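Undergrad: The chain contents come next:
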Amino acid sequence: MGRYTARRLLQFIPVILGTLFLLHYLQTLSFQINGNPIRALFGDRQPPQETIDNITRAYGLDDPCLEQPGNPCLGMFVDRLKNLATGNFGQDFNGRDVLTLIVEALPFTLKMTFLAVVFEAVIGIVAGVLAGLRKDKLTDNVVRISTTLVISVPIFVLGVLVQIFLGLYFGNWLKTREVPDALKATFSVAYQEDYPWASLVIPAFVLGALSLGFIARLTRTSLIESLRSDYVRTARAKGLKQSRVVGVHALRNSLIPVVTFIGIDIGALMGGALITEGIFNIPGIGGLTFRSIRNGETPVILAVVTLLTLVFLVASLLVDLLYAVLDPRIRYE
Amino acid sequence: MRRPKSLLFAIPLTLALALTACSAESDSSGGDSSSESSSSSEGGESAGTAGGTFSVSSSEPEAFAPTSNCYSSDCSQIINAVFTGLLKVDPETSEPIYTGAESFESEDGQNWTIKLKDGFTFHNGEPVDAESYVRAWNYAANGANATQLGFFFSKVEGYDDLQGENPKAEEMSGLTVVDDLTFEVALSEPFSQFPLTMSYTPAAAPMAQECMDDIKACNEQPIGNGPYQFAEKWNHNQSITLEKYADYSDEETAGLADGMEFKIYADLSTAFRDFQGGNLDIVIPDPSQIPQARAQYADSLLEVDSGSFAYFGFPFYEPDFQKPEIRQALSLAIDRQSIIDNVLQGRFIPATDVISPFVPGSRDDACEFCVYDPDQAKELWDGAGGVEGNEISIWFNNDGGHEQWVKAMAQGWQQDLGVDFTFKSQPFTPYLKALGTQSEVDGPYRLGWLPDYPSPQNYLDPLYGEGSSNYGKWGEGDSAADQQEFLDLVNEGDAAATVEEGIPSYQAAADVVLDNMVVIPLWFGQTFYVMSENVENVKYSPTDQLLLDEISVTS
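In the order they appear, the protein sequences are chains A and B. Each residue of the first sequence is one higher than the one before, counting from 1 in this note's numbering. Each residue of the second sequence is one higher than the one before, counting from 1 in this note's numbering.
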């Protein structure tokens, strides 16, 4: 297991280098084709050329290779790697360190992702188990219909609907009632500094809603399959209680695809936070990415995507290691 | 057989129920949003009670130190509260009001003597002296510092020596400190509007020595000289809280409220919903929410002229657009008022001049070709023989919400002139690149302008002069004589002894632009605020945004 982990960790290096180069090349191309992002900083107003030149130079975007479409600008890439190695992630167009920006934004996204994963795992698995145990009964139909609804509504529509109905209308109604402030903060339109957890609950629910639907359906199918298998029949024949048959024997095996999904989903959630954070005004990675893409802030985008790559890699490693826990037949050496 | 009993399966269902149940509630509860301040604003007209705090929506500001890196309304709004500049402009009369300066004096419009008021101190206790202004201005102009506003000093003598990667000098030769409260500015040519340019506080603000020594720290918690100071460090992407600066010396600009909070939103529509939820006092709604805001908050709206100017430019290097009749016909075939009413939520004022109404010298009948007259348009168009292939390309950027009104305008052209159109739209950065490449753009292109200071000069020279916003290359070839006439008139205005005396020349220069239809003036912007019952006396200046120091808090 230790060896396996070490080997997997070593594999991270080429993946990250490859990602970095790909990003670098895409951004070089974008610069070469779309032109200098510094111009867009000034909106419709056009400052004198010397001002643009000064700022372009200050951000290291004056390299002549950025004028030649298709040139991968290897020199710039090497410089960038050297900087990254010394912990220098560069600056955004307002002169703030990218590392600081990420360190500031990350906690919000992590908190929200954590809540979303808890939501989707707990509610999704419970709903899936209930549906699987009562196949074709009312419970099953309710779960199937409600998950179809959740899956088919785009997240930005769901987000705005939840914001208006739960955050605004219900929140305003709640304000006139005698309830704890934290509950009022939970049902609010936007993130509130004073309630860093409570005001993240609803955005996290929106963020996790789509995956919640998938997990419920995945658990349901997988459980139904396990319940039909030989070892469950054997367990039943031995006279084990239903709770033990389902909880220990059937469910544990059924959870393997679910855990895989959740693992991959952690990365996806952090990326998907872009929309949810925008709607609920959460100052996390999503908002940072959105602003940086709009302004063409190369170093920020590069750092954020590298970070997301790392999250994906670590999550999938953890998932693989978890398999062995769930299914003793799977071993790593 | 034991069955797990749980309510959890019901959650998706209850959510759906809650959604439908609350929608019925919406009509009644949406209106009275503010939670505690249910008391109506007593006292009626008596604006001006001191004390209290209020909150305003904002986007994440760009920078506070150096202030010369702030070229947007979000940071300048806050800088205007944290710094007292040399002068500001009265939003109603457009007269300059000296705030930090005692006087601007010049015999010839070229050599200026600026006297400062005594008694101002920075928030760290340092005195505000001539040196602190000269320090800030030299920093701004230095090319190595890459500030966004350095070009505000391009008319100061010695500015050129500070440009480039390794500037020849560190200080502009045109700035001389005379004594603690006096300094002299020598310009390279006469410029009567110079004091007005310095009303853009982020460019002109002084800088404390402590700030100069650690600009990064100063950016997080600015050391200003204004009526308000940062109560704590800049809470990025969340909020900025200002409190009164106790040792502020100037009673006239001291500000009424005890403090204010800028809540930072990434999205305007969320800010407005948060306002509806009672968490904000002053908000700018998203354009799409304006009809709703009008319906719901009819009594607490502030709809004011902003200086923004929208126009269509022409590529003068294209033979088709060198004919003035074609340019005039296109302008006459735009039903501005109808587009504003039907597509733009009534948020704009049709242009009758190239100078915005709030600026002295603006006229409401200057533009002969800005009325909607399809018959005359068709006549001019046919008389000039139309355009090649009877098709025009219309250029705009597709990430700024322009699609709808450009479409309405193009359909009007098709209907009134019988011309076909194609859209050439792209995101803003490549759009600017295309404009910059110039020869690439082959049809009318959309752009806008927001002035830095309320002078007619600021609507003329940057757009049609030799400057870089003149993408259409007006002034090359046949139009060279027209542009020269224009430039001479602007220079005449610049050289006038006072702002007022310059106006006739500027108006004549505007006439040259309008007679030639160098651009199609479309409309001037309006800014739309909604406020809660918690605030009173909210005023707005087209360049300075909200007049934060005059806002008073009720209750």
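Since the hints were made in silico from the structure, they are not lab data. Note that this is a predicted model, so its numbers are computed, not measured. Any given hint might turn out to be false.
What follows is a set of in silico ranges between Cβ atoms, one per label pair, in the way DEER data are often shown [to be verified]:
(1) A/Phe77 / B/Ala497: 30 to 40 Å
(2) B/Thr121 / A/Pro154: 50 to 60 Å
(3) B/Gly389 / A/Pro154: 56 to 66 Å
(4) A/Arg8 / B/Gly125: 55 to 65 Å
(5) A/Gln32 / B/His402: 21 to 31 Å
(6) B/Gly448 / A/Val157: 30 to 40 Å
(7) A/Leu17 / B/Glu220: 43 to 53 Å
(8) B/Gln376 / A/Gln49: 34 to 44 Å
(9) A/Gly70 / B/Gly448: 29 to 39 Å
(10) A/Phe77 / B/Glu105: 27 to 37 Å
(11) A/Phe114 / B/Val343: 37 to 47 Å
(12) A/Gln49 / B/Thr182: 45 to 55 Å
Think about it this way: if two alpha-carbon atoms lie no more than 27 Å apart in a straight line, the pair counts; the simulated DSSO-like pairs of lysine-lysine are [as the list claims (entries may be wrong)]:
(13) A/Lys111 / B/Lys233
(14) B/Lys407 / B/Lys433
(15) B/Lys473 / B/Lys323
(16) B/Lys115 / A/Lys82
(17) B/Lys323 / B/Lys424
(18) B/Lys155 / B/Lys115
Don't be surprised by glycine CBs; every beta carbon is placed ideally from N, CA and C.
Undergrad: If a hint holds in the structure, say so; if it doesn't, say that too.
TA: Here is how each hint holds up against the structure:
no. : hint                            : result
1   : A/Phe77 / B/Ala497: 30 to 40 Å  : 58 Å, violated
2   : B/Thr121 / A/Pro154: 50 to 60 Å : 55 Å, holds
3   : B/Gly389 / A/Pro154: 56 to 66 Å : 41 Å, violated
4   : A/Arg8 / B/Gly125: 55 to 65 Å   : 58 Å, holds
5   : A/Gln32 / B/His402: 21 to 31 Å  : 26 Å, holds
6   : B/Gly448 / A/Val157: 30 to 40 Å : 31 Å, holds
7   : A/Leu17 / B/Glu220: 43 to 53 Å  : 34 Å, violated
8   : B/Gln376 / A/Gln49: 34 to 44 Å  : 40 Å, holds
9   : A/Gly70 / B/Gly448: 29 to 39 Å  : 34 Å, holds
10  : A/Phe77 / B/Glu105: 27 to 37 Å  : 56 Å, violated
11  : A/Phe114 / B/Val343: 37 to 47 Å : 44 Å, holds
12  : A/Gln49 / B/Thr182: 45 to 55 Å  : 34 Å, violated
13  : A/Lys111 / B/Lys233             : 23 Å, holds
14  : B/Lys407 / B/Lys433             : 23 Å, holds
15  : B/Lys473 / B/Lys323             : 14 Å, holds
16  : B/Lys115 / A/Lys82              : 51 Å, violated
17  : B/Lys323 / B/Lys424             : 22 Å, holds
18  : B/Lys155 / B/Lys115             : 20 Å, holds
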